[in-house]
Every structure is written in C-alpha cells, then in structure tokens.
Amino acid sequence: MKGDATKAPKGECASCGKLVSKSNMAKHRKVCGKKKAPKTRKVINRASYKRTKDKILNKRFEQRTFNRFRRLEVAREQLVTLSNKPLDVDLIKVKQWTPAPKTSLLHGISMDSNLFAICLNTLRERCKKLYKIGHAHVEWPKFYKAIMFTLHPEKIPSAACDFSSST
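Note that this note's numbering has the sequence shown beginning at 215, numbered continuously upward.
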C-alpha cells in the first residue's frame, strides 16, 4: 500500500492513448505532437481547393462565357462576310401536319370508346408477345392521348380555347 502512494498519478494522453504521469504530461504533449504524420500533397491540395472553391468555379464560369461570346463574335463575322455570297444549299421542304382523314378505319374506331379500348388492349397484348415489352416500358395513357389527339385535334383543350365563349 505504501508503494502505491509514492507513485505519481497517471493520466491518459488524448492523442496517443498512452498512460503518462501527470508531471510529465506537458513534456509528453510536445513529443506526442511531433509524432503526427506530415500532411500529404493530396490533403493540402484538397484543403486549399475547399478554401478557394468559389474563386475557381467563378473563374471557370467566366472562361466559359468568354469563350461563348468569342464564338458568337466569330460566327457574326462569318455571317457578315457570307451575307453577300449566295449559298449553295437547297431548302428543306417542310411537310404540313394534317389529322387522319375521317374515312380511315382508326378514325371510326376512335369514335366508339369501347371499341377503341378493345383495340388498345389487343395492341398491348401484341407488343407483349412480339417485343417482350411489359407495362413498365410503355406508358399507355400517353399513348392513348397521342392517338386521340392525332385523330381528333379538335379535342385538344389548348387548341380549342375560345375567348368569346368564356364570357
């Protein structure tokens, strides 16, 4: 018992976990602090990037916008130089959209809702058998709307907006 009372009280170092006497704790902290591994370039670069991230991103954004404006200026200059020269490009003929004729079979089927639903179900079954496409790959409500709007464009609510009838 007497030997225990003569020993200095010990404490545990927070960084390394060793038991060190309280009187030597300050000295041990100096030594223990020097034991830390030196920072690698990766850690230093990551920390500096975190500090200057906003500057770096703003600089990149400015460079991108500068390059876009520079390309626009070059394109404008080319347009000015080419505006007097004739272009050897044929115009592309744009095909006008027309709804399905009223004499078509699909138009007649779409007028009857029950018959149209039966046709959609048979089409869905054929797609399952032939192409191995399940419910997840085909959005049938959108498909139904697309068919209805191609056959009956007058049923599109955005196109049939009359301001005179709303009053």
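For the record, the hints were derived by calculation from the structure and aren't laboratory data.
Just so it is clear, the structure is predicted and the values come from calculations on it, not from any experiment.
We put the CB at the ideal spot given by N, CA and C, even for glycine.
Any given hint might turn out to be false.
Simulated crosslink set (DSSO-like; lysine-lysine; CA at most 27 Å straight-line) [said to hold, decoys possible]: (1) K253 to K241; (2) K236 to K224; (3) K236 to K256; (4) K241 to K256; (5) K232 to K244; (6) K256 to K273; (7) K267 to K256; (8) K264 to K241; (9) K264 to K253; (10) K232 to K264; (11) K269 to K256; (12) K256 to K224.
Beta-carbon label-pair distances, calculated as ranges [to be verified]: (13) A261 to I306: 53 to 61 Å; (14) S262 to H242: 39 to 47 Å; (15) R290 to S318: 48 to 56 Å; (16) S235 to K256: 36 to 44 Å; (17) F275 to N328: 36 to 44 Å; (18) S229 to K256: 40 to 48 Å; (19) A289 to K309: 54 to 62 Å; (20) G247 to K269: 46 to 54 Å; (21) V308 to K342: 47 to 55 Å; (22) Q277 to L334: 16 to 24 Å; (23) R260 to L334: 23 to 31 Å; (24) K256 to P223: 35 to 43 Å.
Against the structure, the hints:
1. A threshold of 27 Å between alpha carbons decides the hint, and for K253 with K241 the separation of about 23 Å falls inside it, so the pair holds.
2. The suggested pairing of K236 with K224 holds, with an alpha-carbon distance near 5 Å, which does not exceed 27 Å.
3. With a CA separation close to 37 Å, the supplied pair K236 and K256 exceeds the 27 Å bound.
4. Under the criterion of a C-alpha separation no larger than 27 Å, the hint pairing K241 with K256 is inconsistent with the structure, at around 31 Å.
5. Proposed proximity of K232 and K244 is supported: the alpha carbons are some 14 Å apart, at most 27 Å.
6. Pair hint K256 plus K273 holds up; C-alpha atoms about 22 Å apart against a cutoff of 27 Å.
7. Restraint check for K267 and K256: satisfied, since their Cα atoms lie roughly 16 Å apart, inside the 27 Å limit.
8. Straight-line distance between C-alpha atoms of K264 and K241 comes to about 35 Å, which puts the hinted pair past the 27 Å bound.
9. A distance of roughly 16 Å separates the Cα atoms of K264 and K253; the hinted pair therefore holds under the 27 Å criterion.
10. For the hint pairing K232 with K264, the CA-to-CA distance comes to about 34 Å; that exceeds 27 Å, so the pair is violated.
11. With a C-alpha separation of about 20 Å, the suggested pair K269 and K256 falls inside the 27 Å cut-off, and the hint holds.
12. Between the alpha carbons of K256 and K224 the distance comes to roughly 38 Å, so the proposed pair goes past 27 Å and is violated.
13. With their beta carbons about 56 Å apart, A261 and I306 fall inside the hinted range of 53 to 61 Å.
14. For S262 paired with H242, a C-beta distance near 32 Å fails the hint of 39 to 47 Å.
15. Restraint check, R290 to S318: a C-beta distance of roughly 49 Å satisfies the suggested window 48 to 56 Å.
16. A beta carbon spacing of about 38 Å between S235 and K256 agrees with the range 36 to 44 Å that was offered as a hint.
17. The supplied range of 36 to 44 Å is broken by F275 and N328, whose beta-carbon atoms lie about 58 Å from each other.
18. Between S229 and K256 the CB atoms are about 22 Å apart, so this pair departs from the stated range of 40 to 48 Å.
19. For the pair A289 and K309, the beta carbons lie near 29 Å from each other, so the given range of 54 to 62 Å is not met.
20. As the Cβ distance of G247 to K269 is approximately 33 Å, the hint placing it in 46 to 54 Å is violated.
21. With their beta carbons about 37 Å apart, V308 and K342 fall outside the hinted range of 47 to 55 Å.
22. Between Q277 and L334, the C-beta spacing of about 53 Å breaks the proposed range 16 to 24 Å.
23. Range check, R260 to L334: Cβ separation about 57 Å, and the 23 to 31 Å hint is violated.
24. The supplied range of 35 to 43 Å is met by K256 and P223, whose beta-carbon atoms lie about 42 Å from each other.
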